[in-house]
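Student: Now for the letters of each chain:
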Amino acid sequence: MKTLEKIFKPKIILILIIVLASLLRIWNLGLVPPSPDWDEAALGYNAYSIMQTGKDEYGKFMPIILRSFDDYKPAMYTYLIIPFINFFGLNIISVRLPSALFGVVLVLATYYLVKELFGKKGESIGLISSFLLAISPWHLQFSRIAFEAQVGLSLNILATLFFIKGLKRFIFLLPAAFFASLSIYMYQSEKVYLPILFLVLAIIYWRELIKIPKKWILTALLVGVILSFPMMYDIATNKEALMRARGVSVFSDQTQFLKRNVDKVLEDKKNNDVIGLLIDNRRVEYGMAVFSGYISHFDFNWLFIRGDIQRHHAPFMGLMYLFELPFFLIGIYLLFFGNFSKKTKLVILSIVLITPIPASVTSGVPHAVRAINFLPAIQIFTALGIIQSFHYISKFKFKKLFYSLIVLFVIFNFAYFLNQYFVQQNYYSSESWQYGYQKAIEDIKPMMTKYKKIVVSNDRPLDQSYIFFLFYLGYNPSSYQEEVKDSSGGFRENHAFGKFEFRNINWDKEEKNKVLFIGRPEDFPANTKKIDTVNYLDGKPAIIIVEG
Amino acid sequence: MKGYLPLLFSSKILLGFIVLIAFILRFHLLSSNPPSLTWDEASWGYNAYSLGIDGKDEFGKFLPITFLESFGDFKPPLYAYLSIVPVKLFGLNEFSTRFASAFFGVLTVLLTFFLTKEIFKKKSNVIPLLSAFVLAISPWHILLSRAAFEANVATFFITLGVYLFLFSLRRSKWILVVSFIAFVLSMYTFNTARIVAPLLIFGLFLFNRKEVFRAKKEVITALVVGFILFLPLLLFLLTPQAKLRFAEVNIFSDSSVINTANQEIANDKNAIWSKTIHNRRLIYGVEYLKHYFDNVNPLFLFVRGDGNPKFSIQDVGQLYMWEAPFLIIGILFLFKKKEGNWWIIPYWLIVGIIPAGTARETPHALRIEAVLPTFQILTAYGLFYGVSSLSSKKIRRVVPLFLLILVFFNFAYFYHNYFSHYPKEFSGEWQYGYKEAINYVNSVQASYDRIVFTESLGRPYIYALFYSGYSPFNFRKEAVVEKEALGFVHVNKFGKYVFTKDVLGANSQGKTLYIDVPGNIPNKVQILKEINLLNGRPALVGYTK
Chain A
67 MKTLEKIFKP KIILILIIVL ASLLRIWNLG LVPPSPDWDE AALGYNAYSI
117 MQTGKDEYGK FMPIILRSFD DYKPAMYTYL IIPFINFFGL NIISVRLPSA
167 LFGVVLVLAT YYLVKELFGK KGESIGLISS FLLAISPWHL QFSRIAFEAQ
217 VGLSLNILAT LFFIKGLKRF IFLLPAAFFA SLSIYMYQSE KVYLPILFLV
267 LAIIYWRELI KIPKKWILTA LLVGVILSFP MMYDIATNKE ALMRARGVSV
317 FSDQTQFLKR NVDKVLEDKK NNDVIGLLID NRRVEYGMAV FSGYISHFDF
367 NWLFIRGDIQ RHHAPFMGLM YLFELPFFLI GIYLLFFGNF SKKTKLVILS
417 IVLITPIPAS VTSGVPHAVR AINFLPAIQI FTALGIIQSF HYISKFKFKK
467 LFYSLIVLFV IFNFAYFLNQ YFVQQNYYSS ESWQYGYQKA IEDIKPMMTK
517 YKKIVVSNDR PLDQSYIFFL FYLGYNPSSY QEEVKDSSGG FRENHAFGKF
567 EFRNINWDKE EKNKVLFIGR PEDFPANTKK IDTVNYLDGK PAIIIVEG
Chain B
114 MKGYLPLLFS SKILLGFIVL IAFILRFHLL SSNPPSLTWD EASWGYNAYS
164 LGIDGKDEFG KFLPITFLES FGDFKPPLYA YLSIVPVKLF GLNEFSTRFA
214 SAFFGVLTVL LTFFLTKEIF KKKSNVIPLL SAFVLAISPW HILLSRAAFE
264 ANVATFFITL GVYLFLFSLR RSKWILVVSF IAFVLSMYTF NTARIVAPLL
314 IFGLFLFNRK EVFRAKKEVI TALVVGFILF LPLLLFLLTP QAKLRFAEVN
364 IFSDSSVINT ANQEIANDKN AIWSKTIHNR RLIYGVEYLK HYFDNVNPLF
414 LFVRGDGNPK FSIQDVGQLY MWEAPFLIIG ILFLFKKKEG NWWIIPYWLI
464 VGIIPAGTAR ETPHALRIEA VLPTFQILTA YGLFYGVSSL SSKKIRRVVP
514 LFLLILVFFN FAYFYHNYFS HYPKEFSGEW QYGYKEAINY VNSVQASYDR
564 IVFTESLGRP YIYALFYSGY SPFNFRKEAV VEKEALGFVH VNKFGKYVFT
614 KDVLGANSQG KTLYIDVPGN IPNKVQILKE INLLNGRPAL VGYTK
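Sequences listed follow chains A and B, in order.
Residues in the first sequence are numbered consecutively from 67, following the numbering used here.
Residues in the second sequence are numbered consecutively from 114, following the numbering used here.
Don't take every hint at face value.
As the list claims (entries may be wrong) - Far from chain A, some chain B residues (derived; all Cβ distances over 12 Å):
hint : residue
1    : V325
2    : Q376
3    : A379
4    : D428
5    : G430
6    : A437
Claimed, not checked - A few chain A residues that face chain B, going by a derived Cβ cut-off under 8 Å, partial list only:
hint : residue
7    : I371
8    : N405
9    : K409
10   : F468
11   : Y469
12   : F475
Hints were generated in silico from the structure; no laboratory data involved.
This one's a predicted model, so the numbers in the text were calculated from it and none came from an experiment.
Beta carbons: idealized from backbone N, C-alpha and C, even for Gly.
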């Protein structure tokens, strides 16, 4: 590593890394992944709606929380899109750009955070960590789509970075408070994650904190409280938002979850088994479910080979590179026994241990989005492992052979990823990306006037189809709000605006005169005359357009 | 930890106590939980019975050493030989059939103490005692010790082999010969040991190459003795029938990998570089890793355990939840401290999973049982160093008490579920109902000319043999045996019994008793006997026309 530093100035390397990170995040942003998913389309249209009318699709003025598909997500991301829509219009690139840019910011912030944590040794660890993050499959996956979690992560890291900087230069505590408050407007999990993180950080740096003049701490706290007050107020008063939290929690699906437990309790009662009744307790089952959700994130297969659900990773790859595995493990060891400050160790360890907490009370674990705060800590592990291994190998006789083998494998692994992400993903995952609407809508646009009604299926996998029509037609938000009032386009409900009706198609009973139907292949009998078929990128039919 | 344990008890008493716990947890209600015998267990029992009578297996093969044909699965035969004495002593029943597994299970606990002592070479007995204790209460080891699983005996021989190898380095090098015999015995006991044992021997040699080179005479003797003992097995393993089963269940025969690779290359417009990065050998390699890592999935290890209820009660993992942090701490400290022969533990753990990674159904608690007791030793190591590295003395006193409560609760949860709910919930998985059916047949068979018994629950003949203690001589004379292309063996007939999947279509002469599954019973027959699973669901019905 020393030689590396001699050849290049660290600043130059950092700039190269940032250029690489930007290229990987912005190149073909509108084409890969091949289509916005419904959340992205919703964020885009709501931004458009707010930009034009000051209100979201439901007519709520400047919302803090977006009702969207009744999933009540924090609304901040929507506001970030608005300037881009101004420049580039309402399209996928505008929707994804904020995420991509924050992704680049995180790569930079990672370097500075590592330098802050590791002091003098931080230079090479920081460069390697930010390089690994720049090419990370996990991070690229989420910085190339409009997922709020990734922006939340960037804000969290900025907050942590400025907090640690603030221990020496107190004024930095203010941006720390600012970024932390911003983050809770960005993504659900941060409301659980950040308070725990900052509590732990406060304990770790307690000695430094009490030496800081009171006025700085009070000002920072004040900034935090004032900025987060509207969100807190909303949480306390908005009952519907709580529903979402309940909907995804492990405690939601009570009957199925507790079925075996109920049987056991009945049996214990029959046997008069007092100890049994104590053991077969609902609370024990809940506790085990949370533990199970938590620990499920520490699965090698999930991390390195199998990956998460299709939309969350490149096909046939994990969330991390296989080449990272050995270094990652060595890095974990070094985190415990390496030769650097105990506080640094505690900070990184805490980030890793706190991260799965918000996800562990939800169903659908392990979850690559809810646990995205693992980044960039796992890259820091890997960087530590790489440096230590190279140091070790430098004593070998055949060190050049070893170095070249490793570099070769890294290049191979990276090339494989690029191919899987930029080429294979569109082929294998276009259905998961709800591909097809763009083309279908372009095709019907010229003939829309011919029909008095257009019926669109909202049955799986075309659920929430209405949002794609709003998005791609750029439907006038004020007339939309006017038409639908408070009626929800919510989760799999029937919906209508303009000439469009969104509902299940029941072919035999439909009135067909001057009506256009847009649906799934199975919505129509085999011999129906089709106007058009839009295929997924693997050639399977996705959307079929039929004249009634 | 260091403080008060040795003051209260001497190590010997504690070890005795741990072995007693192990004994109770493995022998208590052995014949009724698991609630019934699987066909493999019944086959072990009956083959032991048959070998004990005239030295021939059920089909009349004299002193089989390389395999028992059994259901065509070519069982490594040692478990049957080990069961001869228990079957002679206690009769042909569940207890005697399971005795060998439970007995060697207890011995493994005892051996773990000595093994751990040999590995770390420390004066203090705390880590060895903890290791033995963790194994004694291990859900994984308890479940596999309580049924006639030959894997459990193989685990004992492997542990013995490793222990004797390390012991021989410190004492007499001639003990190496015994160590080799133990390893070879494990290979005659369970399939995966045939890969694990040689790899372990290789590793033990590699890490101790200096000492080994100094003892040429002993090493060569051990190698020669081992090889001679291994030779018959080797000759068998080279035959096509030995390879048949492996080819059927391994991941490398999965053609979807090749289709995917071809599609991906096509997506890259058949570029040459694409053929390199989508090389099928590499994809198979990753596929292998995937199956390998399945076996260390945290949910498998700590939460649910194996999906097969025979190897896990489904409420507790293969290991206890509380072990998770200590396992990690144990691994970290193991690499930090590097005490004694520490390297054998990670090596053993990694090697022990190698054979299981080639199979399609992963994770598999039985196929990787050879990694025991490494998990338990690591947990014990983590417990010891985790607690003793705590900074304040007060905390060091309180934490063990707190841990003890946690461990106890976790154990109570397992114990209660295993003994109170498990047999009832999963009796179907243990082929419950056969014993009751055969006992019923035995009680009434005098008044029938023929018994038509359904094969849809699998391999009923072995239960008919087992529960009537049928004479092997008569069986060999009367049995009508059919062999499938893949080597599976069906017994279609013996004595009054006819076994068929098609009970209704069986032609019946004279007075016939039918035993079939509930869905298949025709109307207008006289139901004589209904046999239910322990959860009340019907399993078998006896009727006559």
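Student: None of the hints should be skipped; say for each whether it holds.
Tutor: Structure-based check of all given hints:
Listed as outside the interface, V325 of chain B is consistent with that label: its C-beta sits roughly 24 Å from the nearest C-beta of chain A, beyond the 12 Å cut-off. The non-interface label for Q376 of chain B is inconsistent with chain A: the shortest C-beta to C-beta separation is roughly 8 Å, within 12 Å. With a least CB separation of 9 Å from chain A, A379 of chain B falls inside the 12 Å interface cut-off, contrary to its annotation. Its closest Cβ contact with chain A, about 8 Å, brings D428 of chain B to no more than 12 Å, contrary to its assignment away from the interface.
A beta-carbon of chain A comes within 12 Å of the beta-carbon of G430 of chain B; the shortest separation is about 9 Å. Not every C-beta of chain A lies more than 12 Å from that of A437 of chain B, the closest at about 6 Å, which undercuts listing it as non-interface. A cut of 8 Å between beta carbons decides the hint on I371 of chain A: the least distance to chain B is about 5 Å, and the hint holds. Annotation: N405 of chain A was flagged as interfacial toward chain B, and the flag is violated, the nearest CB pair being 13 Å apart, outside 8 Å.
Here the hint on K409 of chain A is broken, as its CB sits about 16 Å from the closest CB of chain B, past 8 Å. Among the interface hints, the one on F468 of chain A is violated; its C-beta lies about 20 Å from the nearest C-beta in chain B, farther than the 8 Å criterion. With a least beta-carbon distance of about 21 Å to chain B, the hint placing Y469 of chain A at the interface is violated under the 8 Å criterion. Nearest Cβ of chain B to the Cβ of F475 of chain A: about 11 Å, over the 8 Å cut. The hint is violated.
The structure shown violates the earlier hints numbered 2, 3, 4, 5, 6, 8, 9, 10, 11 and 12.
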